[in-house]
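Undergrad: Residue numbers (our numbering), protein chains in the order written: chain A, 390 to 646; chain B, 3 to 235; chain C, 899 to 1121.
Calculated directly from the structure, the hints in this document are not laboratory data.
Keep in mind that a hint or two might mislead.
[Unchecked claim] Here are the simulated lysine to any residue pairs, SDA-like style, with alpha carbons at most 20 Å apart: (1) A:Lys512 - B:Phe84; (2) A:Lys512 - A:Lys561; (3) B:Lys232 - B:Ile147; (4) A:Lys561 - A:Gly406; (5) B:Lys232 - A:Pro495; (6) B:Lys232 - A:Lys561; (7) C:Lys1075 - B:Lys232; (8) A:Lys534 - A:Lys512; (9) B:Lys232 - A:Ser543; (10) C:Lys1075 - B:Ile181; (11) C:Lys1075 - B:Ile147.
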Amino acid sequence: MNDVPRIRIADIHKSFGPLEVLRGVSFDVHRGSVVSVVGASGSGKSTLLRCVNHLEPPDSGEIFIEGESLGSRVDERGQRRPRSLAEINAMRRELGVVFQQFNLWPHMTVLGNVIEAPIRVRKMPRKDAIAYGEECLRRVKMIDKANEYPARLSGGQQQRAAIARALAMRPKAMLFDEATSSLDPELTDEVLGVMRELAADGTTMIVVTHEMGFAREVSDRVIFLHQGVIEEEGAPADIFDAPKSERLRQFLSKYRK
Amino acid sequence: MSDALKQSLDLSMFWEYRAILLQGLIFNALVFLCAASVALSVGLGAALLRINRFWPMRWIGTLHVEVFRNAPDYIMLVWVHFVLPLLIGMVIRRRVEFHPFVSAVIALGFVYSGYFAEAFRAGIQAIPQGNLDAGRAFGMSERLILWRITLPQVVRRMLPEALNLFISMFKATTIVSLIAVPDLMYNVSMVIQQEMRPLPLYTGAAITYFLIILLLSSGVRVFSERWRRKILA
Amino acid sequence: MGNWERLVWNQRDVLLAGLSVTVEVCAIAFVAAVVGGLVLCLIRLYVAPLRPLAILLIEFFRDTPIFVQLMWVAYVWPEIFGFPNTFFNAGWLALGLQSSGYLAETFRAGIEAVPRGQRDAAFSAGMSQPQTFTRIVMPQVLLASAPSIVNQFTVIVKSSTLISVITVPDLMSQSQKLVNVWYEPIEILTATAAIYIAFVFLISLTGKLLADRLRRRYGLAAS
């Protein structure tokens, strides 16, 4: 059992102007585990995820990927300095991100989207990138749409393609930012199914989601975020069946059908 | 009156000199191609400056665009041909003269770089932020994002507008005759000086340009229709 | 630099005289362009037998480069039509014709963009065709195309520099006169260029402000 967590999030603070969105969030994600982050709109969930790969640099606090800080490093003289953009980019390769809006690049085919970063960022030879890319597409059951352009795909198909795109970089962990929130209910299941399979295969995942059923079945831990702090965290059974805080109870009551 | 009309429509004179006039037209095309290259590259540079992180860069880009977009072609042409060599000459302490072709390319290229810069900027800012986020999330450098994600989409979106700008530019090359670049209008004026018969020649020139531009702009119109449908599908 | 004072400031009367001619020509050309554009547009849309002619004229005025049109109108037309009789008239006529082609298309697009419901409402209220056109359709067209119309004015101003070639004493030709007298082109031409750029810039700025005002007031999609 590896002692160093895959991802360590340490005391993240983030403000946008006068609004303090994250007010000291810390937790670890161990290898192979799935952590779900739930909370109301405005609780800071998406901002948190965007801080993990420094799409939004946190105001204070640090992100560690297998012990290495994402935002800073120790230089030759033993001083701690912030990382340059190029170094941050290099570390971003280890995190696969799936966005709510899919964000597939519209001028490339599905396969084109999948192999773009492996070729350009990881400098993989084209043949290898295509081979592994097709494998990823097979995994999300999108291989027959490899030569289609995103505009011709349904939302569910686009999101699965986006998942394949993230997987093709062989990341150490996958970050899902409300991956099913933009989908019609019928299409949500196909994407959740893929995410379930990934979890079963041992992928390290941080999942920001509204899908309580998914969070409950698939996560190893659930974190409830409220107004920028972790209000409660624990095993799914504890969070969903025996909520301790009043706010969590209120939050869950909205999802009881 | 009808005698004059007959004279102007008697294009045999125009036809007689077609070799020289065609040569002139080729000069128009050459000036256009060179100036278009200048306009595209300088325009792209100015557009990128306008969206730069540092405000002095943005300011320079905006200044460039506003100066050149609002400048009349002719005054720019005259200024580049007569003033710029003198200024450069003062700096390097030697007498400098521009070949008219060079002045034409610089003047038209820079004037139209202003228009292209605006078109590029609008195109770049129309790219959804999510596309760029995805690029960054994958660890792509800003440069990579620009060349592989942003610019291909900008070109796709702005192609119809760019083609229209090219046509405008080609029409603008007619003024280079005024600084003695031997284009169509210059050769027309030479022939008129010789033959003293302006009517058929000016009429012929008007009809020639009309037909060429009509052909080009109709083509662009048809193409743009299909293109827009394809891109915005 | 003393040169600026000597060459530009002291000659400001000459330059201003030129500028006033420029403004005059452009103003007349602009009015001609709007009227001509409207006429061409209406003929094209509503007078079926003359439609091909209207389309031909619109295309001709738009596609022919302004310099070529200018020379043609200045030197050929007087022989055939007896008009224009002065170079001043040739100037605004050529500028006006070219812009009328563009405006005809602008107006056409504007008219076709007015939602059908607008006319339906007017007819249902008992308004006649001409009434509907002048009270309902055209105001909306003019408001929506105001920025394009202002833009066409800047095109006219920029093209007006060419009328110096047919010896109209505009700003451009006055500055060239000064250069020929003093043999020192740097200050004079730079100042002239700056004046033109500033003038066109101000017009564009006005156009932009106008467009914003209209958008806020009427909620119309100004192009």
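Undergrad: Now tell me, hint by hint, if it's right for this structure.
TA: Hints, verified against the model:
1. A:Lys512 - B:Phe84: Violated, because 52 Å separates the two Cα atoms, which is more than 20 Å.
2. A:Lys512 - A:Lys561: holds, 18 Å
3. B:Lys232 - B:Ile147: violated, 23 Å
4. A:Lys561 - A:Gly406: violated, 33 Å
5. B:Lys232 - A:Pro495: Satisfied, since the Cα-Cα distance of roughly 12 Å is no more than 20 Å.
6. B:Lys232 - A:Lys561: Since the Cα atoms of lysine 232 of chain B and lysine 561 of chain A sit roughly 38 Å apart, the hinted pair is violated (cutoff 20 Å).
7. C:Lys1075 - B:Lys232: With a Cα-Cα distance of about 54 Å, the restraint between lysine 1075 of chain C and lysine 232 of chain B is violated, given a limit of 20 Å.
8. A:Lys534 - A:Lys512: It is violated: about 25 Å lies between the C-alpha atoms, which goes past 20 Å.
9. B:Lys232 - A:Ser543: Distance of about 18 Å is within 20 Å: holds.
10. C:Lys1075 - B:Ile181: holds, 16 Å
11. C:Lys1075 - B:Ile147: violated, 53 Å
In terms of the numbered hints stated before, the structure departs from hints 1, 3, 4, 6, 7, 8, 11, listed from lowest to highest.
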